[in-house]
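Colleague: So the chains spell out like this:
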Amino acid sequence: MKGIHPSAYVSPAAKLGDGVEIGPFSIIHDNVVLGDRVKVGAYCEMGISTPLGDGTPLIIGDDSLIRSQSVFYESSSFGPGLITGHHVIVREKTIAGLSFQIGTFTEIQGDSKVGDYVRFQSNVFVGKMTTIGNFVWILPRVVLTNDPTPPSNVLIGCTVEDYASVAAASVVLPGVTIGRHSLVAAQACVTKDVPPNMIVAGVPARIIGSTGSIKLRDGSGRPAYPWTSHFSRGYPASITEHWALNNGEQQ
Amino acid sequence: MKGIHPSAYVSPAAKLGDGVEIGPFSIIHDNVVLGDRVKVGAYCEMGISTPLGDGTPLIIGDDSLIRSQSVFYESSSFGPGLITGHHVIVREKTIAGLSFQIGTFTEIQGDSKVGDYVRFQSNVFVGKMTTIGNFVWILPRVVLTNDPTPPSNVLIGCTVEDYASVAAASVVLPGVTIGRHSLVAAQACVTKDVPPNMIVAGVPARIIGSTGSIKLRDGSGRPAYPWTSHFSRGYPASITEHWALNNGEQQ
Amino acid sequence: MKGIHPSAYVSPAAKLGDGVEIGPFSIIHDNVVLGDRVKVGAYCEMGISTPLGDGTPLIIGDDSLIRSQSVFYESSSFGPGLITGHHVIVREKTIAGLSFQIGTFTEIQGDSKVGDYVRFQSNVFVGKMTTIGNFVWILPRVVLTNDPTPPSNVLIGCTVEDYASVAAASVVLPGVTIGRHSLVAAQACVTKDVPPNMIVAGVPARIIGSTGSIKLRDGSGRPAYPWTSHFSRGYPASITEHWALNNGEQQ
Numbered sequence: 012m013k014g015i016h017p018s019a020y021v022s023p024a025a026k027l028g029d030g031v032e033i034g035p036f037s038i039i040h041d042n043v044v045l046g047d048r049v050k051v052g053a054y055c056e057m058g059i060s061t062p063l064g065d066g067t068p069l070i071i072g073d074d075s076l077i078r079s080q081s082v083f084y085e086s087s088s089f090g091p092g093l094i095t096g097h098h099v100i101v102r103e104k105t106i107a108g109l110s111f112q113i114g115t116f117t118e119i120q121g122d123s124k125v126g127d128y129v130r131f132q133s134n135v136f137v138g139k140m141t142t143i144g145n146f147v148w149i150l151p152r153v154v155l156t157n158d159p160t161p162p163s164n165v166l167i168g169c170t171v172e173d174y175a176s177v178a179a180a181s182v183v184l185p186g187v188t189i190g191r192h193s194l195v196a197a198q199a200c201v202t203k204d205v206p207p208n209m210i211v212a213g214v215p216a217r218i219i220g221s222t223g224s225i226k227l228r229d230g231s232g233r234p235a236y237p238w239t240s241h242f243s244r245g246y247p248a249s250i251t252e253h254w255a256l257n258n259g260e261q262q
Numbered sequence: 012m013k014g015i016h017p018s019a020y021v022s023p024a025a026k027l028g029d030g031v032e033i034g035p036f037s038i039i040h041d042n043v044v045l046g047d048r049v050k051v052g053a054y055c056e057m058g059i060s061t062p063l064g065d066g067t068p069l070i071i072g073d074d075s076l077i078r079s080q081s082v083f084y085e086s087s088s089f090g091p092g093l094i095t096g097h098h099v100i101v102r103e104k105t106i107a108g109l110s111f112q113i114g115t116f117t118e119i120q121g122d123s124k125v126g127d128y129v130r131f132q133s134n135v136f137v138g139k140m141t142t143i144g145n146f147v148w149i150l151p152r153v154v155l156t157n158d159p160t161p162p163s164n165v166l167i168g169c170t171v172e173d174y175a176s177v178a179a180a181s182v183v184l185p186g187v188t189i190g191r192h193s194l195v196a197a198q199a200c201v202t203k204d205v206p207p208n209m210i211v212a213g214v215p216a217r218i219i220g221s222t223g224s225i226k227l228r229d230g231s232g233r234p235a236y237p238w239t240s241h242f243s244r245g246y247p248a249s250i251t252e253h254w255a256l257n258n259g260e261q262q
Numbered sequence: 012m013k014g015i016h017p018s019a020y021v022s023p024a025a026k027l028g029d030g031v032e033i034g035p036f037s038i039i040h041d042n043v044v045l046g047d048r049v050k051v052g053a054y055c056e057m058g059i060s061t062p063l064g065d066g067t068p069l070i071i072g073d074d075s076l077i078r079s080q081s082v083f084y085e086s087s088s089f090g091p092g093l094i095t096g097h098h099v100i101v102r103e104k105t106i107a108g109l110s111f112q113i114g115t116f117t118e119i120q121g122d123s124k125v126g127d128y129v130r131f132q133s134n135v136f137v138g139k140m141t142t143i144g145n146f147v148w149i150l151p152r153v154v155l156t157n158d159p160t161p162p163s164n165v166l167i168g169c170t171v172e173d174y175a176s177v178a179a180a181s182v183v184l185p186g187v188t189i190g191r192h193s194l195v196a197a198q199a200c201v202t203k204d205v206p207p208n209m210i211v212a213g214v215p216a217r218i219i220g221s222t223g224s225i226k227l228r229d230g231s232g233r234p235a236y237p238w239t240s241h242f243s244r245g246y247p248a249s250i251t252e253h254w255a256l257n258n259g260e261q262q
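Protein chains in written order, with the numbering used here: chain A, 12 to 262; chain B, 12 to 262; chain C, 12 to 262.
Think of the hints as simulated: they come from the structure by calculation, not from any bench. As the structure is a computational prediction, the values presented were derived from the model and not from experiment. Heads up, the beta-carbon is just placed ideally off N, CA and C, and yes, glycines get one too. It is possible that some hints are incorrect.
[Said to hold, decoys possible] In silico BS3-like links for lysine-lysine, alpha-carbon gap of 25 Å or less:
no., chain 1, residue 1, chain 2, residue 2
1, A, K13, A, K124
2, A, K226, C, K104
3, B, K104, B, K26
4, C, K13, C, K124
5, A, K26, B, K13
6, C, K139, C, K226
7, A, K124, A, K50
8, B, K226, A, K203
9, B, K13, B, K124
10, A, K139, A, K203
11, C, K104, C, K124
12, C, K26, A, K13
13, C, K139, C, K124
14, C, K226, A, K226
15, C, K13, C, K26
16, B, K13, B, K50
17, C, K26, B, K203
18, C, K104, C, K139
19, C, K124, C, K226
20, B, K13, B, K26
21, A, K139, B, K124
22, B, K104, B, K50
23, B, K139, C, K139
24, C, K13, B, K26
25, B, K50, B, K26
26, C, K26, C, K104
27, A, K26, A, K50
[To be verified] A short, non-exhaustive set of chain C residues, derived as facing chain B with CB atoms under 8 Å:
no., residue
28, R48
29, K50
30, Y54
31, L109
32, Q112
33, S176
34, G232
35, A235
36, W238
37, F242
38, Y246
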């Protein structure tokens, strides 16, 4: 794929940076700004218009990769280095920082904020009004809800603080805060706030210990948390060097 | 999008009402009837033929909106006002009433009945033989199963009665009935019938109270259920006026 | 659909068997081998190149059916008779045997092995390093995980042994083995190995009995397990005759 594939439809009103590539059968609508070297795979639809938007364009930062079959609405903004899986859906008024990764089949319903260096794995569901900090990990099939008494007009988003990790297939109930550096175990249903550095598990989720008690499963005997003490893949050296100096602690 | 996009393939055998719009790269097969003013987004495939059908066409009622990347088989029928998200899959012999809404990534496997004014949010899975009443809410990631002893040839569908609400990521086991105006809490596994107006929660789900005990989270102190006492968005005034007169009670 | 649709892009470097059919708007990349009579639906992308591959092609065995909107990477291999639903994603280095069925919205992340006659229903998530035996059933929305302390570099895949059945919406934790002919109940979280012929249920999952205690729900009073004693749909007679002779027992 180089440049704009002849089968793609690119609105003349869309603003494309240098070196942008658009795959076969993709559609770039009017209200779209793609940064330099952004690659959009096949069958993607970028910048769908909606009355729920605020008139601002869909902005995709430099050096981003949107994999095939993905759909983005207008009035959302992503910093440089966005990488998506396939079949991703992102609605309007989603504002994300640097180097966001969004797994295949993930849906972000809009009106949400996402910090820097956040990783969503596959099939994550993010309801409106969600707030995600920096360096957060959301694993496959997690659901972040927002309606405490469905159906209602009272949408209360979840908050996931910096460095927290939410394991596979967990559900976070409306208004709940997952504390900094905490861990939600797989298949949990989190009904109450989780303090920092704690592990919660079960339906409903209960605190089962502190993250400091978990060892890596690599035979080293080293602690698994804070994960910043041993995991650096995909982050810039300027950040991970700082982690290394502080044994994974962040200020 | 106006009319039929030049990149779409529309069978001459398909019947299209007045003002139908078909998006880029979409495919309308032979055995399809689209009502007046139906809009079909990009990359949709409507009316796939199957030996499991009964020869009847895929019928989409007037004023419906099918969002991009969705797939419908023949031999299903939808009343006016169907609205879907993206990447929706509906198999044959699904019969739905008025104003059905189907969220993104939802799959309906067919041989099912859905009443009027039903809302499925994102990523709902509906096994064959399911029966859904009127005014039902199914929240994201809910699974309605049908095989009591997988794998087997004994498919027993679930039933969700009028006005019931099934919260995020819950599973309903084969043959279970979710009673009228009841509430299934998030991440539950419903193994037994739920009586009307009750709340169930947990794995396995147990009755934890009546819906009358839940207050709205809007600070008003008003009861959250029946939800028809306070929630009217998306329903016609002729219906909601009746709800208002009866404090949300339905006869 | 007959032959190659004129809107499809098929690399001249791809190797296509006799009678191959390629649907509208599909893309067949260079490093692809499609067996005889393989049918690829609309909007499919086959053989995406990746630096994580090993240089080998995507190989799809004879008489396979890939339904629309599916995506396969290079360096994976499937025996004859592969059948997929729609919107399926399969990454590199997935090696599967005969007659594999993959449900709609299922994602296989690669570096995995799958035996013969395996059935994945809809929306299954398979993490890297997973091993699946023969005649296994994985029901909708199941998650097979691999990271014991997310995030980490320690990926430990799950194993599902021959004839085991994992019911809807269950999660299997990293490194867990689901024993031969065992049954994981719906919405379970399996944290420990499951012995053969046992049923586990709950969060966390516990053994609740042996599969021999479950009766079919067809009124016959016959045992539901081993399921090979009563279920034969989709398997060749040469295999099911053997099952019938042995009352469902396999050696």
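Colleague: Compare the structure with each hint and give your call.
Modeller: Outcome of the hint check:
{"no.": "1", "hint": "A:K13 - A:K124", "verdict": "violated, 32 Å"}
{"no.": "2", "hint": "A:K226 - C:K104", "verdict": "violated, 30 Å"}
{"no.": "3", "hint": "B:K104 - B:K26", "verdict": "holds, 19 Å"}
{"no.": "4", "hint": "C:K13 - C:K124", "verdict": "violated, 32 Å"}
{"no.": "5", "hint": "A:K26 - B:K13", "verdict": "holds, 24 Å"}
{"no.": "6", "hint": "C:K139 - C:K226", "verdict": "violated, 35 Å"}
{"no.": "7", "hint": "A:K124 - A:K50", "verdict": "holds, 23 Å"}
{"no.": "8", "hint": "B:K226 - A:K203", "verdict": "holds, 17 Å"}
{"no.": "9", "hint": "B:K13 - B:K124", "verdict": "violated, 32 Å"}
{"no.": "10", "hint": "A:K139 - A:K203", "verdict": "holds, 19 Å"}
{"no.": "11", "hint": "C:K104 - C:K124", "verdict": "holds, 8 Å"}
{"no.": "12", "hint": "C:K26 - A:K13", "verdict": "holds, 24 Å"}
{"no.": "13", "hint": "C:K139 - C:K124", "verdict": "holds, 9 Å"}
{"no.": "14", "hint": "C:K226 - A:K226", "verdict": "violated, 43 Å"}
{"no.": "15", "hint": "C:K13 - C:K26", "verdict": "holds, 17 Å"}
{"no.": "16", "hint": "B:K13 - B:K50", "verdict": "holds, 9 Å"}
{"no.": "17", "hint": "C:K26 - B:K203", "verdict": "violated, 53 Å"}
{"no.": "18", "hint": "C:K104 - C:K139", "verdict": "holds, 9 Å"}
{"no.": "19", "hint": "C:K124 - C:K226", "verdict": "violated, 32 Å"}
{"no.": "20", "hint": "B:K13 - B:K26", "verdict": "holds, 17 Å"}
{"no.": "21", "hint": "A:K139 - B:K124", "verdict": "violated, 30 Å"}
{"no.": "22", "hint": "B:K104 - B:K50", "verdict": "holds, 22 Å"}
{"no.": "23", "hint": "B:K139 - C:K139", "verdict": "violated, 31 Å"}
{"no.": "24", "hint": "C:K13 - B:K26", "verdict": "holds, 24 Å"}
{"no.": "25", "hint": "B:K50 - B:K26", "verdict": "holds, 14 Å"}
{"no.": "26", "hint": "C:K26 - C:K104", "verdict": "holds, 19 Å"}
{"no.": "27", "hint": "A:K26 - A:K50", "verdict": "holds, 14 Å"}
{"no.": "28", "hint": "R48", "verdict": "violated, 18 Å"}
{"no.": "29", "hint": "K50", "verdict": "violated, 13 Å"}
{"no.": "30", "hint": "Y54", "verdict": "holds, 6 Å"}
{"no.": "31", "hint": "L109", "verdict": "violated, 17 Å"}
{"no.": "32", "hint": "Q112", "verdict": "violated, 11 Å"}
{"no.": "33", "hint": "S176", "verdict": "holds, 5 Å"}
{"no.": "34", "hint": "G232", "verdict": "violated, 13 Å"}
{"no.": "35", "hint": "A235", "verdict": "holds, 4 Å"}
{"no.": "36", "hint": "W238", "verdict": "holds, 6 Å"}
{"no.": "37", "hint": "F242", "verdict": "holds, 5 Å"}
{"no.": "38", "hint": "Y246", "verdict": "violated, 11 Å"}
Hint compliance for this structure: hints 1, 2, 4, 6, 9, 14, 17, 19, 21, 23, 28, 29, 31, 32, 34, 38 are broken, all remaining hints hold.
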